[in-house]
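Colleague: Sequence:
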Amino acid sequence: MASAESSPLKPFDEVKTAVTEFVIYFPPFINIYVVTLLLAKARGFDHNYYQPLHLAILKGDWKSTKAFLDNDPTALTAKVTVHGRTALHVAAVGAQWKLVEKLAQHQQMPAEVLEELDFMGCTCLHYVAMGQSVDAAKALVAKNPSVTQVIDFKGFTPLMYSITSTQCKEMVGYLVLNTSDERPGCPFSGPSASQLVALLTGAGFHGN
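Counting the sequence shown from 1 gives a position; the numbering used here is that position plus 1042.
No wet-lab data here; the hints were simulated from the structure.
None of these values were measured; they are calculated from a predicted model.
Accuracy of the hints is not assured; some may be wrong.
Claimed, not checked - DSSO-like mimics (lysine-lysine), calculated; alpha carbons at most 27 Å apart, straight line:
no., residue 1, residue 2
1, K1211, K1140
2, K1185, K1196
3, K1140, K1105
4, K1180, K1196
5, K1108, K1185
6, K1185, K1140
7, K1101, K1180
8, K1101, K1140
To be verified - If you anchor each label on the Cβ, the simulated ranges turn out as follows:
no., residue 1, residue 2, range
9, K1105, Q1174, 19 to 29 Å
10, V1239, D1112, 45 to 55 Å
11, D1112, D1088, 14 to 24 Å
12, N1113, S1207, 30 to 40 Å
13, D1103, T1243, 40 to 50 Å
14, K1140, S1188, 22 to 32 Å
15, D1103, R1225, 36 to 46 Å
Cβ atoms here follow ideal geometry from the backbone N, Cα and C, with glycine treated the same way.
Go ahead and model the full structure; you've got the sequences and the hints to work with.
Modeller: This is the structure:
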């Protein structure tokens, strides 16, 4: 998944890559319902326009990223890749944690953008949760406290991602404290609660 983000392809190839990843990753009942919509959105994506922004973010080049956003503030909320990712998604997938912080703190960044799902069903925080930058997670939660409650297509919150990635125990601890047992995920009492408890225990949180 990350390789498709980091190596620009021709627009048509990117469309095929994005849709193929989606079809492989998700079960048939979701594919039938969503793939047609994804194809339409992917085909309408302006690859050439957003490519400079995409590459600047992946390089961690805040100066060029800011210049693009200053010229076109709508790019803060736009889907800038055929994977349906916002600038925040791109920064998180590329592990550009400082850019995640700067984008989240941008004065013109609407809080609701942090709840946007890409075509893989993830928010920016789902990706950040798999990394080691608690500061990036804190910046997102400060901007929109509800982002910890957003679920992916399988019903998992960012907390579940942090546990399964086993990258950073501090990240798990932070998300445990900032995730509540609310709908739609109900992570501590819903269908995935037993799995969550087992994973937390396995990660060494049983005594906390």
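Colleague: Compare the structure with each hint and give your call.
Modeller: Status of the hints after comparison with the structure:
With a CA separation close to 20 Å, the supplied pair K1211 and K1140 stays within the 27 Å bound. For the hint linking K1185 to K1196, the alpha-carbon distance of about 25 Å falls within 27 Å, and the restraint holds. Restraint check: the Cα-Cα separation between K1140 and K1105 comes to about 12 Å, which is no more than 27 Å; the hinted pair holds. Simply put, K1180 and K1196 have alpha-carbon atoms about 24 Å apart, close enough for the 27 Å limit, and the pair holds.
Restraint check for K1108 and K1185: satisfied, since their Cα atoms lie roughly 18 Å apart, inside the 27 Å limit. Among the hinted pairs, K1185 with K1140 is consistent with the structure: their alpha-carbon atoms are about 15 Å apart, no more than 27 Å. Proximity of K1101 to K1180 is assessed by CA-CA distance (about 22 Å); at most 27 Å being required, the pair is judged to hold. For the hint linking K1101 to K1140, the alpha-carbon distance of about 12 Å falls within 27 Å, and the restraint holds.
Distance hint check for K1105 and Q1174: the Cβ-Cβ separation is about 25 Å, which falls inside the suggested range of 19 to 29 Å. One distance hint, 45 to 55 Å for the beta-carbon pair V1239 and D1112, holds here, with the actual separation near 46 Å. Checked against the hint of 14 to 24 Å, the pair D1112 and D1088 passes, with Cβ atoms roughly 19 Å apart. Between N1113 and S1207 the beta carbons are some 35 Å apart, a value that agrees with the proposed interval 30 to 40 Å.
Between D1103 and T1243 the C-beta distance comes to about 42 Å, which sits within the given range of 40 to 50 Å. Against the hinted window of 22 to 32 Å, the Cβ-Cβ separation of K1140 and S1188 comes to about 24 Å, which satisfies the hint. At roughly 39 Å, the beta carbons of D1103 and R1225 sit within the given window of 36 to 46 Å.
Hint check: no violations occur; every hint is consistent with the structure.
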